[in-house]
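Q: Spelled out from the first residue to the last, the chains are:
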Amino acid sequence: MSCTDHEGVTAGGAVDVTFLTAHDCRALLADGSVSAVELTQAYLDRIAVVDGGVHAYLSVDAAGALAAAAAVDAKPRGGRKPWEGVPIGLKDVLCVKGMETTCASRILKGYVPPYDATVIAKLRDEGLIFLGKLNMDEFAMGSSTENSAFQVTRNPWDTDRVPGGSSGGSAACVAASLAPWALGTDTGGSIRQPASLCGVVGMKPTYGAVSRYGLIAFASSLDQVGPLTRDVRDAAALLDLIAGRDPRDCTSTGLTEPAGVPGRDDLEGLRFGVIKEYIGSACEPGVLEIFDAAVDAVGALGGVCEEVSLPSVVRGIAAYYIIAPSEASSNLARFDGVRYGHRTAQSEDLYEMYVRTRSEGFGDEVKRRIMIGTYALSAGYYDAYYGQAQRTRTLIIKDFEKAFSRFDYLISPTSPTVAFKVGERMADPLAMYFSDLCTIPVNLAALPALSIPAGFSGGLPVGLQIIGPHYGERGLLGAAHALEQRLAVDVVAPVQPAVAS
Amino acid sequence: MSAGAGLPHDVAAPGVDGAGSGRESWESVIGLEIHVQLSTKTKMFCGCDVTFGQPPNTHVCPVCLGHPGVLPVTNEKAVEYATRVALALDCRISERTIFHRKNYFYPDLPKAYQISQYDLPLGVGGHLDVELEDGSHFTVGITRVHMEEDAGKLIHAGGSSGRIDGADYSLVDFNRGGTPLVEIVTEPDISTPDQARAFLTQLRNLVEQLGVSDVNMEEGSLRCDANVSIRHPGDPFGTKTELKNMNSFRFLHRGLEAEIERQIDLLETGERVVQATVHFDPATGTVSMLRSKEEAHDYRYFPEPDLTPIELDEAYVQKVRAALPELPVARKERLARQYGLPPKDAGSLANNRPLGDYFEALAAATGDPRVSANWVLGDLSAYVNAAGIEVADCPVTVERLAGLLGLIADGTLSGKMAKDVFEAMAATGKDAKSLVAEKGLGQISDTGELEGIIIRLVEENPGPAEEFRQGKDRVLGFFVGQVMKETRGQANPQVVNELLRKHLGAPGG
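Going down the list, the protein sequences come from chains A and B. When the first sequence is numbered by this note's numbering, its final residue is 505 and no position is left out of the sequence of numbers. When the second sequence is numbered by this note's numbering, its final residue is 553 and no position is left out of the sequence of numbers.
Because the hints were derived from the structure by calculation, they are not lab data. In this text, a Cβ means the ideal position worked out from N, Cα and C, and glycines have one as well. There may be inaccurate statements among the hints.
To be verified - Calculated Cβ distances over 12 Å to all of chain A for the following chain B residues:
hint, residue
1, Gly110
2, His111
3, Pro112
4, Pro116
5, Asp152
6, Leu164
7, Ile208
8, Val216
9, Thr321
10, Ser332
11, Thr352
12, Arg365
13, Gln382
14, Pro387
15, Asn429
As the list claims (entries may be wrong) - Here are the simulated EDC-like pairs of lysine to aspartate or glutamate, each with C-alpha atoms no more than 20 Å apart in a straight line:
hint, chain 1, residue 1, chain 2, residue 2
16, B, Lys529, B, Glu542
17, B, Lys288, B, Glu495
18, B, Lys197, A, Asp387
19, B, Lys288, B, Glu358
20, B, Lys146, A, Asp387
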């Protein structure tokens with residue numbers, strides 16, 4: 005979806021942000037159709053009207069956003085950086101100096117970081133306007149955003165349904181035009197799955213492409229920051245804004261080449277592997293129907309599709325639910341009530357302070373994963389669980405390596421199902437875990453992948469996952485752009501203004 | 045270092061009176077775990093200054109405070125320093141070494157895990173040859189040398205002991221948190237508290253010479269825990285305990301003695317040693333159990349995912365090895381050879397780098413190594429030890445001491461006078477020449493002045509003069525005494541002797 009001729013500006017000069025991509029915003033600002041303050045105000049107004057029904061934002065920093073926008077307006081238009089004045093929403097897992105950052109957890113309620121995450125510092129330098137912090141599953145653990153300690157975000161396509169997760173706030177925000185684009189994080193599918201369920205573009209870059217400094221860690225060897233956008237061009241632009249080697253993150257490498265502006269409109273000469281393990285009974289029929297149409301679209305664009313088996317990916321969930329909780333059990337240990345965040349009101353001794361603080365501060369899913377991870381790393385169990393999971397991870401990496409020796413890209417449905425009903429999987433953690441069936445192995449193999457809207461099933465969005473080789477972002481986004489043009493899926497959710505409550 | 049020798053505790057240690065022949069039959073088995081704080085400019089995983097004695101929580105940042113979202117970045121200098129230590133202990137350097145997380149909750153540990161090393165440490169399989177005071181040698185195997193970060197410091201307020209029991213509240217100072225450490229683990233090759241002290245002394249000297257740490261036990265830049273067990277010779281190892289809180293060489297010795305006696309007491313009375321952590325209390329000289337093994341932590345080590353492996357290739361190791369300073373064993377050998385020093389003196393100078401450096405500079409300035417060694421190991425060492433200062437901070441610099449020795453060499457001062465001048469130099473910071481001039485201390489070597497006195501004395505004492513001439517050589521002493529009396533002891537004795545013989549005439553002549 006791209007918008008030309010400034011259809012976002014109505015006759016009276018007020019801004020209708022409903023259809024705007026970030027590129028549209030940039031163009032409106034560049035030719036003076038709107039000021040940065042007007043644009044920011046338009047998003048704040050829409051948030052005020054619509055977000056009461058979506059609950060995407062945990063906090064909106066209207067004053068800070070307007071002040072930053074006014075500072076942009078004070079500069080001559082010719083002296084601005086390309087994206088100055090374009091608003092953005094931020095998943096609440098990213099530290100923003102001076103802005104409450106909670107990871108949607110009671111244990112960090114009131115925590116105000118003393119520093120900017122590297123991705124935030126980069127966006128600040130480029131002059132982007134931070135509208136506020138977006139809801140998520142607590143500590144990014146979940147696939148529906150229902151694990152937030154503070155609110156349940158609704159899917160803008162059907163507010164009885166979840167937006168996916170854990171970056172559900174980011175996906176819903178973009179789908180409902182509550183920001184032109186947003187940042188999310190992806191540990192096992194947390195950008196791609198909600199993007200799929202909300203009908204937007206979501207990309208997880210190659211592990212290391214983007215700095216993790218200031219991303220509150222869930223699973224350090226899997227976490228990556230990435231864009232959620234309305235189209236592929238915006239995803240490429242936001243990726244280039246945040247990617248780069250960071251001396252503060254020694255696991256970061258940056259990209260080998262910038263994503264650039266994807267303009268490709270055919271897939272001639274490209275070989276696509278259809279991951280056999282993810283078609284058939286793994287996904288619901290409505291999803292497979294849309295996926296089959298996408299496979300046809302690849303062929304129509306000159307690409308070649310062929311089934312490929314990656315036998316070890318079926319063990320992905322098992323390996324992931326050892327590795328990720330193990331790392332999480334250690335990463336989340338610092339939330340101990342000593343230095344910041346929640347501390348229990350009453351305790352007799354140190355041990356009780358720890359137990360009460362953490363019992364009160366963490367939600368059920370976080371506790372479950374801390375317990376799983378603590379157990380998996382225990383003396384006597386380490387090799388049987390953590391060691392075994394790492395060996396499985398190696399097998400998955402090898403399967404992908406083998407597949408990429410034959411194919412340029414691998415494709416699958418992003419999510420086995422469309423958006424499910426709020427509450428539907430909350431009592432069944434395993435059903436919830438299977439939401440990330442198709443996305444988890446990509447994180448284990450550190451590969452780049454994105455989800456683009458591929459169509460609808462029963463009125464709900466279905467996403468197509470395209471997986472690339474390490475550091476293949478530029479080509480991956482190019483191929484995604486060609487498919488996006490061909491599929492021409494309408495990505496504006498029919499969200500209604502919320503009834504004032 | 046003569047920690048503790050001759051102090052009262054040596055006789056007051058609990059239970060050394062022995063309870064019969066049974067007690068004598070036990071031998072102790074000791075292994076040490078030594079933590080050395082590296083004197084890098086910045087911390088192990090962030091850019092904060094490494095400090096000591098600064099106001100609490102003034103050298104901290106989001107990284108070393110364990111804020112959400114922060115990541116560690118390894119200090120290259122710390123890796124280099126740790127490699128130096130490992131090489132100096134003859135360890136094999138791992139080509140690929142990784143960090144692990146050691147997980148446990150404590151308020152001084154901000155991330156609730158310590159970044160440490162586990163099954164792939166920096167160096168393994170080294171050894172250190174230790175020389176005892178009687179000149180005998182023994183070898184201690186070095187199991188491993190690894191890198192880790194230090195914790196913060198807890199201050200327990202209220203209560204009487206300063207310990208957590210009975211405290212009203214506790215405060216945390218994170219200045220020390222994240223300071224780079226190397227941990228050195230020995231094989232259980234040490235069999236007495238004396239040996240343990242000799243080993244640690246030698247290790248401290250070695251690390252000091254490497255220039256990578258202040259190695260100050262009182263300030264905590266050198267810390268030592270001990271694994272202790274006892275057995276009858278030839279038997280398998282007994283159950284060991286881990287002895288902590290020995291923050292001086294003296295307390296290491298005392299703590300080991302107390303723990304060994306405690307274990308002997310238990311086994312001699314039919315009880316058993318329980319595997320546990322044991323705390324030494326310097327105030328009472330006794331040990332107490334902290335926690336038994338059953339309550340011990342499961343640290344849930346796993347590879348630190350925030351840090352990439354460190355590759356130390358042969359070229360790197362060669363570079364670090366080539367840059368190592370001369371180590372004590374080699375220096376002792378060289379000092380003995382180059383300067384003709386007795387082995388004991390050469391050893392003393394080699395084991396104390398600042399003192400050795402001082403000596404070599406002084407020997408070069410004076411051209412007399414023997415005299416230089418005597419002064420450095422004698423008056424200079426005595427002074428800096430008594431004053432509790434470093435050699436580098438001594439007001440009597442190499443240049444000044446060389447000046448003093450020059451005044452002895454040219455006869456201005458006698459050796460005895462020079463000792464007094466040395467003390468005055470140390471006290472005032474002035475040089476020898478000006479002190480001699482100020483106090484009129486110089487020897488009178490002026491032949492004219494002395495000759496006048498002597499001619500007069502010979503005239504005034506015709507009797508003794510005659511006795512000398514008739515062969516009573518000892519009468520010369522009478523005249524020397526008179527000259528010294530007249531010159532308040534400042535006459536150059538050699539010149540006085542010559543002049544007296546000249547003016548008294550040859551004996552029997």
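Q: Was B:Val216 rightly flagged as not at the interface, with every chain A Cβ beyond 12 Å?
A: About 7 Å separates B:Val216 from the closest Cβ of chain A, which leaves it inside 12 Å; violated.
Q: Find the nearest Cβ of chain A to the Cβ of B:Pro387 and say whether that gap is larger than 12 Å.
A: holds, 49 Å
Q: Would you say B:Ile208 is clear of chain A, with no C-beta pair closer than or equal to 12 Å?
A: Non-interface label on B:Ile208 violated, nearest chain A Cβ at 8 Å vs cutoff 12 Å.
Q: Is B:His111 truly not at the interface, in the sense that its beta carbon sits beyond 12 Å from all beta carbons of chain A?
A: Since the minimum Cβ distance to chain A is about 7 Å, B:His111 lies within 12 Å and the statement is violated.
Q: So is B:Ser332 really clear of chain A, every C-beta pair being over 12 Å apart?
A: The claim holds: B:Ser332 sits with its nearest Cβ about 20 Å from chain A, beyond 12 Å.
Q: Looking at B:Arg365 again, its CB stays over 12 Å from all of chain A?
A: Non-interface label on B:Arg365 holds, nearest chain A Cβ at 26 Å vs cutoff 12 Å.
Q: Would the hint linking B:Lys529 and B:Glu542 be met if the CA-CA limit is 20 Å?
A: holds, 18 Å
Q: Could you grab the alpha-carbon distance between B:Lys288 and B:Glu358 and see if it respects the 20 Å cut-off?
A: This hinted pair is violated, its Cα atoms lying about 37 Å apart.
Q: Could you grab the alpha-carbon distance between B:Lys288 and B:Glu495 and see if it respects the 20 Å cut-off?
A: violated, 72 Å
Q: For B:Pro112, is the shortest CB-to-CB distance to chain A above 12 Å, so the non-interface label stands?
A: Check fails; 4 Å does not lie beyond 12 Å.
Q: Quick check for students: does the CB of B:Asn429 sit more than 12 Å from each CB in chain A?
A: The claim stands: B:Asn429 keeps its Cβ more than 12 Å from every Cβ of chain A (closest is about 43 Å).
Q: Regarding the assertion that B:Thr321 does not contact chain A, is the least Cβ-Cβ distance greater than 12 Å?
A: About 17 Å separates B:Thr321 from the closest Cβ of chain A, which puts it past 12 Å; holds.
Hint check: violations occur at hints 1, 2, 3, 4, 5, 7, 8, 11, 17, 18 and 19; the rest are consistent with the structure.
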